[in-house]
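Take the given structure of chain E and dock chains Z and Y to it, following the hints.
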Amino acid sequence: MNPESISNDPQLDASGKLIHLLGLKGLPKTELEHILDVANDLLDSKGNLKKSKALDDMSVANLFFEPSTRTRNTFEIAAKRTSANTINVDLANSATKKNETLMDTMQTLKAMQIDMFVIRHKESGLPHRIASNIDGVSIINAGDGTNAHPTQALLDMLTIRQHKGSFDDLSVAIIGDIRHSRVAHSDIQALSTLGVKDIRLVAPENLQFNGEAPEGVRCFDNLHEGINGVDVMMTLRLQKERMMSADIPNEQVYFETFGLTDKKLKLAKPDAIVMHPGPVNRGIELDSGVADGPQSVILQQVTNGIAVRMAVMVVLAGKA
Amino acid sequence: MNPESISNDPQLDASGKLIHLLGLKGLPKTELEHILDVANDLLDSKGNLKKSKALDDMSVANLFFEPSTRTRNTFEIAAKRTSANTINVDLANSATKKNETLMDTMQTLKAMQIDMFVIRHKESGLPHRIASNIDGVSIINAGDGTNAHPTQALLDMLTIRQHKGSFDDLSVAIIGDIRHSRVAHSDIQALSTLGVKDIRLVAPENLQFNGEAPEGVRCFDNLHEGINGVDVMMTLRLQKERMMSADIPNEQVYFETFGLTDKKLKLAKPDAIVMHPGPVNRGIELDSGVADGPQSVILQQVTNGIAVRMAVMVVLAGKA
Amino acid sequence: MNPESISNDPQLDASGKLIHLLGLKGLPKTELEHILDVANDLLDSKGNLKKSKALDDMSVANLFFEPSTRTRNTFEIAAKRTSANTINVDLANSATKKNETLMDTMQTLKAMQIDMFVIRHKESGLPHRIASNIDGVSIINAGDGTNAHPTQALLDMLTIRQHKGSFDDLSVAIIGDIRHSRVAHSDIQALSTLGVKDIRLVAPENLQFNGEAPEGVRCFDNLHEGINGVDVMMTLRLQKERMMSADIPNEQVYFETFGLTDKKLKLAKPDAIVMHPGPVNRGIELDSGVADGPQSVILQQVTNGIAVRMAVMVVLAGKA
Numbered sequence: 000m001n002p003e004s005i006s007n008d009p010q011l012d013a014s015g016k017l018i019h020l021l022g023l024k025g026l027p028k029t030e031l032e033h034i035l036d037v038a039n040d041l042l043d044s045k046g047n048l049k050k051s052k053a054l055d056d057m058s059v060a061n062l063f064f065e066p067s068t069r070t071r072n073t074f075e076i077a078a079k080r081t082s083a084n085t086i087n088v089d090l091a092n093s094a095t096k097k098n099e100t101l102m103d104t105m106q107t108l109k110a111m112q113i114d115m116f117v118i119r120h121k122e123s124g125l126p127h128r129i130a131s132n133i134d135g136v137s138i139i140n141a142g143d144g145t146n147a148h149p150t151q152a153l154l155d156m157l158t159i160r161q162h163k164g165s166f167d168d169l170s171v172a173i174i175g176d177i178r179h180s181r182v183a184h185s186d187i188q189a190l191s192t193l194g195v196k197d198i199r200l201v202a203p204e205n206l207q208f209n210g211e212a213p214e215g216v217r218c219f220d221n222l223h224e225g226i227n228g229v230d231v232m233m234t235l236r237l238q239k240e241r242m243m244s245a246d247i248p249n250e251q252v253y254f255e256t257f258g259l260t261d262k263k264l265k266l267a268k269p270d271a272i273v274m275h276p277g278p279v280n281r282g283i284e285l286d287s288g289v290a291d292g293p294q295s296v297i298l299q300q301v302t303n304g305i306a307v308r309m310a311v312m313v314v315l316a317g318k319a
Numbered sequence: 000m001n002p003e004s005i006s007n008d009p010q011l012d013a014s015g016k017l018i019h020l021l022g023l024k025g026l027p028k029t030e031l032e033h034i035l036d037v038a039n040d041l042l043d044s045k046g047n048l049k050k051s052k053a054l055d056d057m058s059v060a061n062l063f064f065e066p067s068t069r070t071r072n073t074f075e076i077a078a079k080r081t082s083a084n085t086i087n088v089d090l091a092n093s094a095t096k097k098n099e100t101l102m103d104t105m106q107t108l109k110a111m112q113i114d115m116f117v118i119r120h121k122e123s124g125l126p127h128r129i130a131s132n133i134d135g136v137s138i139i140n141a142g143d144g145t146n147a148h149p150t151q152a153l154l155d156m157l158t159i160r161q162h163k164g165s166f167d168d169l170s171v172a173i174i175g176d177i178r179h180s181r182v183a184h185s186d187i188q189a190l191s192t193l194g195v196k197d198i199r200l201v202a203p204e205n206l207q208f209n210g211e212a213p214e215g216v217r218c219f220d221n222l223h224e225g226i227n228g229v230d231v232m233m234t235l236r237l238q239k240e241r242m243m244s245a246d247i248p249n250e251q252v253y254f255e256t257f258g259l260t261d262k263k264l265k266l267a268k269p270d271a272i273v274m275h276p277g278p279v280n281r282g283i284e285l286d287s288g289v290a291d292g293p294q295s296v297i298l299q300q301v302t303n304g305i306a307v308r309m310a311v312m313v314v315l316a317g318k319a
Numbered sequence: 000m001n002p003e004s005i006s007n008d009p010q011l012d013a014s015g016k017l018i019h020l021l022g023l024k025g026l027p028k029t030e031l032e033h034i035l036d037v038a039n040d041l042l043d044s045k046g047n048l049k050k051s052k053a054l055d056d057m058s059v060a061n062l063f064f065e066p067s068t069r070t071r072n073t074f075e076i077a078a079k080r081t082s083a084n085t086i087n088v089d090l091a092n093s094a095t096k097k098n099e100t101l102m103d104t105m106q107t108l109k110a111m112q113i114d115m116f117v118i119r120h121k122e123s124g125l126p127h128r129i130a131s132n133i134d135g136v137s138i139i140n141a142g143d144g145t146n147a148h149p150t151q152a153l154l155d156m157l158t159i160r161q162h163k164g165s166f167d168d169l170s171v172a173i174i175g176d177i178r179h180s181r182v183a184h185s186d187i188q189a190l191s192t193l194g195v196k197d198i199r200l201v202a203p204e205n206l207q208f209n210g211e212a213p214e215g216v217r218c219f220d221n222l223h224e225g226i227n228g229v230d231v232m233m234t235l236r237l238q239k240e241r242m243m244s245a246d247i248p249n250e251q252v253y254f255e256t257f258g259l260t261d262k263k264l265k266l267a268k269p270d271a272i273v274m275h276p277g278p279v280n281r282g283i284e285l286d287s288g289v290a291d292g293p294q295s296v297i298l299q300q301v302t303n304g305i306a307v308r309m310a311v312m313v314v315l316a317g318k319a
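These protein sequences, in sequence, are chains E, Z and Y. Heads up: the first sequence is residues 0 to 319, going by numbering that gives the first Met the number 0. Heads up: the second sequence is residues 0 to 319, going by numbering that gives the first Met the number 0. Heads up: the third sequence is residues 0 to 319, going by numbering that gives the first Met the number 0.
Derived from the structure by calculation, the hints contain no laboratory data. Just so you know, these numbers come straight off a predicted model, no measurement behind them. Watch out, some of these pointers could steer you wrong.
It does not matter which identical chain is meant; a pair holds if it fits inside one copy or across any two.
What the hints assert, rightly or not - As a list, the in silico DSS-like pairs of lysine-lysine whose alpha-carbon atoms are at most 27 Å apart: (1) Lys-109 <-> Lys-79; (2) Lys-16 <-> Lys-45; (3) Lys-163 <-> Lys-109; (4) Lys-50 <-> Lys-79; (5) Lys-50 <-> Lys-318; (6) Lys-265 <-> Lys-163; (7) Lys-45 <-> Lys-109; (8) Lys-196 <-> Lys-268; (9) Lys-163 <-> Lys-263; (10) Lys-121 <-> Lys-239.
Extracted from the complex, chain E is given alone in its bound form (with noise of 0.2 Å):
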């Protein structure tokens, strides 16, 4: 069984060519390592991003059904550092109101010589389906219900192969929300990709992973065996907004089980790294010494944001 639940499908051509970005599984290593090589090609010596003219006779549209400022944001400005034309498409006014079908939407916005599309949703799968629905451009999920996020993965494992060089030897803990974070989905998924072999998924019960564990996986109900001696810490945002009721925790409570602190800290390696999807909720999933500490790499995750999104664009664009 595999983290993300749905087959991403129609995202490689006849010829193994990346045409849509759907979801981590079933993208062999080298592509992954593909893309992220060409993030890194984005970023200065000094971690800044360049400018690139790659995408300057393009059209990148964002359509965000999900409300989420920061993740358009960072398309925007990924989109616009690439030179391509962009376009919000106002969702809440749109012709959706005026009963036109999703696809029927799609396809005039094709027409209009959009040639990629930026989609969020709360329904997992939906990218997919309009992928397998349209011919002739590229999807980039943006996030789908609680399936898949791959672009946040994949600035996540840029920001792993900064610090740690490889993949092979790590110890990786996942610590939060596994049951309903798309993040923490496509993490898994690419981790295990990448050749991580331990990987460890560090939650309480009614949040832990939701079925069988993916081979090598192993999970834990408690903080301190779970980071023990691990080189990175990827701490996970509660959602209250995506989760039941029931099983949302007393943030008193999550904090001093499962929150990190200076001190919970000194259970990993010395040189463990702390990583975050942003926007933290301080005092709940890290301390504010945590997450403005030396080991936190929350910053340069966003940077890198931009950077993977450029190179997802780049690639699918067929310019590298």
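For chains Z and Y alone, coordinates are given in the frame of chain E:
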């Protein structure tokens, strides 16, 4: 009498040069053909849009007082494809709330060196009134009340010309809510100017053209007679938001009497094309078989919509 | 004491270089003149705006916590005219909803490699607080509470200089709601720094400058005396949304006592200019004859507003 009900007087300067696009009434055939020619040059041999640098020193503002994501997007994309700066003026939060008069808003935007304004408003004639009161900028009417929608008619004409070559010997049926449709009014005007001799308006009595039919235009309340032997079927969208409640037809009855199906299509010429301004109400104006069938040119209309709007901007800027 | 009430300490670096624009207090005359000179170079001989490539490798974000379409548009247009990437951060739907702290939001946007932030907020001093807490980016104050609005004052100074040449011998009257007006506070500061010796504040008692008048500044509660013989009349907008209800004057009474008419204009010098930050309440601060008359420079202020904002960005970027 004339299908567009309002004079477009200020749109030509003393030398006959087009300085605004308010409507098609009063525009000579050569001017329409010039815009279509410029639009055609913006398409490559496969019908895909080229990019242009024509307006790289200009700024275009979208002023949509009526919500319309689709049309606004097409103007924004068109402006960006001509390399203009674009700005969407947020009218909900704008100075109009602060009791600034509309003309003060326009003069202020002009002083910010906006060169061209795309205006949609529910009041018929408002773009004309603005054009009469402000110098040195160009106004493009993107739909005013029930009066006119000239760029929609121009894209329709471009699509017909691509398929039929010339207008002289065509039979064209416009089907649906003629009475409330600014699209219909501008289409009738355009077809008439371009020399179509057989124009048929096909509608239930309460949605039929209001007043004396223009010369050479025939009204039908029966679809079978109306589309018998025609070359072009232009269907209109049922726009309930612009109708009085008493005028709104029962959708099932409308589809049975005026909706296009594969079977009814056989009444027209075998190579007749089916048009719709979008978004289509499937099962009301058309069934899905027709919308997606080989005679449908609906998506080509969308692409032509960008080309025509680019062409209008380029012509108004004096760059073609 | 000082008209802008808050220290602008972090805006100059150790070498005296401008790195933020928080207010005009503490800025030397040479710095103000430098910004005005750069702005002037961005205008051609007819007063029209040039385009600049100065910021083509930079990104500017608009963070408007108070709605203001007009000012936001001017900053967006200014940024685009310097070839910067621009992004409007949608604060209604943003991470602030997710309890992200403002400083986390700023650090995240910085990590997305936004170079410059344009901030408007109803809390006096907020841009200063942000500038004190974040390195490596520039903050431009687009209006904070009742404290300061430095770019408005700079565009006012540019306009005065264009008409009057030098500031030394001018008499300038500021008329209206001085008390609640950040524009007035910054204008008084700018006029004072640039050497105007006769600054008059003309207002009803409950809207008059609150506290001890700055040195060389005289208060008037009578318009006739206040504008007698002046070179410049700077009228202020009655902003009811920032007043306590007890302070709001009867509009008719206000117009009769403090509103400018052609007749009252004769009290000033024959070549006196009339200014207003817009949008004008016709018949309250000015009548239409004055707003549209030969002494009005209101629309020129709008154009200068773009030039000055471009200049501020170029100077902060170290490109002039």
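Status of each hint after checking the structure:
1. Lys-109 <-> Lys-79: Both: 19 Å inside a chain and 16 Å across chains, each within 27 Å.
2. Lys-16 <-> Lys-45: between (32 Å within a copy, 24 Å between copies)
3. Lys-163 <-> Lys-109: between (41 Å within a copy, 25 Å between copies)
4. Lys-50 <-> Lys-79: Result: close both inside a copy and across copies, 9 Å intra and 17 Å inter.
5. Lys-50 <-> Lys-318: Result: close both inside a copy and across copies, 14 Å intra and 19 Å inter.
6. Lys-265 <-> Lys-163: within (18 Å within a copy, 69 Å between copies)
7. Lys-45 <-> Lys-109: between (38 Å within a copy, 15 Å between copies)
8. Lys-196 <-> Lys-268: For Lys-196 and Lys-268, the Cα distance is within 27 Å only inside one copy (17 Å; across copies 68 Å).
9. Lys-163 <-> Lys-263: within (21 Å within a copy, 68 Å between copies)
10. Lys-121 <-> Lys-239: Result: close within a single copy only, 14 Å intra versus 30 Å inter.
Hint compliance for this structure: no hint is broken.
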